[in-house]
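Chemist: Each chain, letter by letter, is given below.
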Amino acid sequence: MKKDFRYYKESKPFRLWDLAVVGVILIMVVALLLVLFLPRQEAAGVKIYYKGELVRTVAFDGSAYPVLKYNGVTIVIEEGKAYVYESTCKNQYCVKHAPISKSGESIVCLPNQVVVKIYGGEKSEVDEVTK
Amino acid sequence: MNKRSFPVKKLAVLGVLSAMCIMIGYLESLMPPIFPFLPFAKLGFGNIVVLFTLIIYGIGEGFLVLGIKCLVLGLIAGNPMMILYSLGGGLLSLGVEFLLLRLKANSIPAVSCAGGAAHGLGQIAVGSAFAGSGAPFYYLPHLSIFGSIAGIVTGIIVFFIIKKLPEKVVYIQDKNENNAY
Amino acid sequence: MKKIAAVLLMVFIAVSLAACAPNREYMGFGFMGTFYSFKGVGGVEQKELEKKLLELENLVSVDGELKKINEAKAGEAVKVDAATYSLIKFAVDFNKNSSALDISLYPIVKLWGFDNTFNENSSLTPPDDQSITQTLTHVGLDLFEFDDENMTVTKKDDLAALDLGALGKGYAVSYLLEKCGFKEGILNLGGTIGAIGKEYKVGIEPPFGGESYFAVFTLKSGEVCSTSGNYQRNYVYEGTLYHHIFGDNGRPVENSLASVTVVCGSGAAADALSTACYVLGAEKSKELLDLYDASAVFVYEDKNVSSYKLDVNVTSKDYKLKVEE
Numbered sequence: 047m048k049k050d051f052r053y054y055k056e057s058k059p060f061r062l063w064d065l066a067v068v069g070v071i072l073i074m075v076v077a078l079l080l081v082l083f084l085p086r087q088e089a090a091g092v093k094i095y096y097k098g099e100l101v102r103t104v105a106f107d108g109s110a111y112p113v114l115k116y117n118g119v120t121i122v123i124e125e126g127k128a129y130v131y132e133s134t135c136k137n138q139y140c141v142k143h144a145p146i147s148k149s150g151e152s153i154v155c156l157p158n159q160v161v162v163k164i165y166g167g168e169k170s171e172v173d174e175v176t177k
Numbered sequence: 024m025n026k027r028s029f030p031v032k033k034l035a036v037l038g039v040l041s042a043m044c045i046m047i048g049y050l051e052s053l054m055p056p057i058f059p060f061l062p063f064a065k066l067g068f069g070n071i072v073v074l075f076t077l078i079i080y081g082i083g084e085g086f087l088v089l090g091i092k093c094l095v096l097g098l099i100a101g102n103p104m105m106i107l108y109s110l111g112g113g114l115l116s117l118g119v120e121f122l123l124l125r126l127k128a129n130s131i132p133a134v135s136c137a138g139g140a141a142h143g144l145g146q147i148a149v150g151s152a153f154a155g156s157g158a159p160f161y162y163l164p165h166l167s168i169f170g171s172i173a174g175i176v177t178g179i180i181v182f183f184i185i186k187k188l189p190e191k192v193v194y195i196q197d198k199n200e201n202n203a204y
Numbered sequence: 521m522k523k524i525a526a527v528l529l530m531v532f533i534a535v536s537l538a539a540c541a542p543n544r545e546y547m548g549f550g551f552m553g554t555f556y557s558f559k560g561v562g563g564v565e566q567k568e569l570e571k572k573l574l575e576l577e578n579l580v581s582v583d584g585e586l587k588k589i590n591e592a593k594a595g596e597a598v599k600v601d602a603a604t605y606s607l608i609k610f611a612v613d614f615n616k617n618s619s620a621l622d623i624s625l626y627p628i629v630k631l632w633g634f635d636n637t638f639n640e641n642s643s644l645t646p647p648d649d650q651s652i653t654q655t656l657t658h659v660g661l662d663l664f665e666f667d668d669e670n671m672t673v674t675k676k677d678d679l680a681a682l683d684l685g686a687l688g689k690g691y692a693v694s695y696l697l698e699k700c701g702f703k704e705g706i707l708n709l710g711g712t713i714g715a716i717g718k719e720y721k722v723g724i725e726p727p728f729g730g731e732s733y734f735a736v737f738t739l740k741s742g743e744v745c746s747t748s749g750n751y752q753r754n755y756v757y758e759g760t761l762y763h764h765i766f767g768d769n770g771r772p773v774e775n776s777l778a779s780v781t782v783v784c785g786s787g788a789a790a791d792a793l794s795t796a797c798y799v800l801g802a803e804k805s806k807e808l809l810d811l812y813d814a815s816a817v818f819v820y821e822d823k824n825v826s827s828y829k830l831d832v833n834v835t836s837k838d839y840k841l842k843v844e845e
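Chains as they are written, first to last, in the working numbering: chain W, 47 to 177; chain A, 24 to 204; chain Y, 521 to 845.
These are calculated hints, taken from the structure and not from any lab test. It is possible that some hints are incorrect.
Unchecked claim - In silico negatives: residues of chain W with every beta carbon more than 12 Å from chain A:
(1) Lys48
(2) Asp50
(3) Lys58
(4) Ala66
(5) Ile71
(6) Val75
(7) Val76
(8) Val101
(9) Gly108
(10) Lys127
(11) Tyr129
(12) Glu132
To be verified - Chain A stretches covered by chain W per the calculated footprint, using a threshold of three residues with CB under 8 Å from any CB of chain W:
(13) 96-105
(14) 136-143
(15) 165-177
Think of the CB as a built atom: it goes at the ideal place given N, C-alpha and C, for glycine as much as any other residue.
Make the full structure from the sequences, and use the hints.
Modeler: This is how it looks when you write it as structure tokens:
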């Protein structure tokens, strides 16, 4: 509008409130950077769940990998893969299962309620496996 | 004579502005992209025209110029999706700039800066809605920082245009100042 | 003022468009006696999903609604939940199409030890012929009377009992994918898998153990797949394997099949069909599968694989795809 035009004609190229604009934009950017890039730091690795809850995460970072035992299930982790070495369950499916290495692959010991899963890294060919 | 019902001058000015906007947008599209991974991120100099229109006329006229630009450029490029993306960013930018202008607390470069950042946010929001995921938001930092800096530059340009432009270019001289459009 | 409101609305819409579909990844144990995992977008929170799972478990489990029927005396009209009743009716209708699925076989299931007492770590012995014959007198859908209007079931025999175990997971998967408002996702309940919103690649577990999967197929949105096999629940006694899928002679079905995977638009049907097709074998299953508009993959003891109306890619070199239709 004409009166706005006249107002802005006389206005200055910089005013105090401009800092607020810059501030808001910076806050928005920083907040987003945190939200987006913090969880992103996951490399590939192994996640172990007991009764559906995540109990241990081991990243494939070239360090010495521990041998883990949860509820009778012994899990061995090596560079880029994981497998169940032994288990107290009767059917031993988890032990017989081949080592897993691709993202999304998992070994489940149903009787002992333990799940070993690979995350990150190379994506697996399948989303789920029917049993 | 009731000039109000037939603002020929405004019509003519808007026509010129729309044409300028389209031309700027077209020239920008010929340039190589600033970010290789974001091929659609252009300089945003079209905002010079839109912001200018907002200041001298108002949001309705600003929306008109913006709408025409997005529509025509999208049709020329043969990519209707592009219309939605540029409109998404453009509308958000328009809204933010209009609000800040109304508040009259900021300088023109700052208004344009906020508009530039908002434009990026709007485009990403559209992108996310289409992708069905939040993935496009990963580029928000790049787009909004770049957009705000570009906004400051275009804002300074608009500032000088507004400062130097004589009133009679865009308004009709009227004895009673009530017919201000 | 109106203009400011309009502008604010534009801003709000633009931003909220992207915010309304959060990514989901759930996992849990102890639901319907097995574990579940869900990966998708939007829909209910994990607590809500698990609450529904518990409700469903109560509807289909022999310790839930069915207990009322199974513990009742002959002649007693037992009213059950509408959902339970409809699932029973589905099974009864299915049985009219093929006697390969018989939910009244529960007395036999119990006799062989495959009911809730089946603990992976216990050792069982198969029953003798006399017990089997005796128990069979309490088996048969003709021993039940169904009242659709009042949703009651009346037994003609005190010891007759129903078991929806063969259908429960499939039914639950279909139900959950429909009612939880997911924009897209894949739900795996103990190996029975359903997809919604988009298609997913699903692998089939090798019946003989080893790698994660031996074949892959595409599960489309709205489809559920279920697998039945002799390797799932069984015990070995004196060198012989006894599994949990019974024929009408009261004994585990003996054929050359290791497993059957069925894909169907209805979860309950997919589940029922995987059991029935295992009993019938590949040839005799075709008509039944057509009836329910389903497709299947049959895996034999010799690791040969045949698929019926399903595009399946065998990725393991140990298994061979023989026949394809």
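Chemist: Beyond 12 Å from chain A, beta-carbon-wise, is Lys127 (chain W)?
Modeler: holds, 28 Å
Chemist: Would you assess whether Val101 (chain W), listed as outside the interface, keeps its beta-carbon beyond 12 Å of every beta-carbon in chain A?
Modeler: holds, 28 Å
Chemist: Say whether it holds or is violated: Val76 (chain W) keeps its Cβ farther than 12 Å from all Cβ of chain A.
Modeler: About 9 Å separates Val76 (chain W) from the closest Cβ of chain A, which leaves it inside 12 Å; violated.
Chemist: Three residues minimum, CB to CB under 8 Å: does the stretch 165-177 of chain A make the cut for coverage by chain W? Let me know.
Modeler: holds (count 3)
Chemist: Run the C-beta distances from Ile71 (chain W) to all of chain A and say if the shortest one exceeds 12 Å.
Modeler: The assertion about Ile71 (chain W) is violated, with a minimum of 5 Å to chain A.
Chemist: Find the nearest Cβ of chain A to the Cβ of Tyr129 (chain W) and say whether that gap is larger than 12 Å.
Modeler: holds, 32 Å
Chemist: Is it the case that Lys58 (chain W) keeps its Cβ farther than 12 Å from each residue Cβ in chain A?
Modeler: Its Cβ does come within 12 Å of chain A, the nearest being 6 Å, so this is violated.
Chemist: Would you check whether the claim that Glu132 (chain W) is not at the interface survives, using Cβ distances to chain A and the 12 Å cut-off?
Modeler: For Glu132 (chain W), whose nearest Cβ neighbour in chain A is about 40 Å away, the distance exceeds 12 Å, so it holds.
Chemist: If you count the residues of the stretch 96-105 of chain A with a beta-carbon closer than 8 Å to a beta-carbon of chain W, do you get 3 or more?
Modeler: violated (count 0)
Chemist: Would Lys48 (chain W) pass as off the interface with chain A, using Cβ distances and a cut of 12 Å?
Modeler: violated, 3 Å
Chemist: Hey, does Asp50 (chain W) actually stay past 12 Å from chain A on C-beta?
Modeler: Not fine: 6 Å to the nearest Cβ puts Asp50 (chain W) too close to chain A.
Chemist: Minimum C-beta separation from Val75 (chain W) to chain A exceeding 12 Å: can you confirm that?
Modeler: It is violated; Val75 (chain W) is separated from chain A by about 5 Å at its closest Cβ, not greater than 12 Å.
Comparing the model with each earlier hint shows violations of hints 1, 2, 3, 4, 5, 6, 7 and 13; every other hint is respected.
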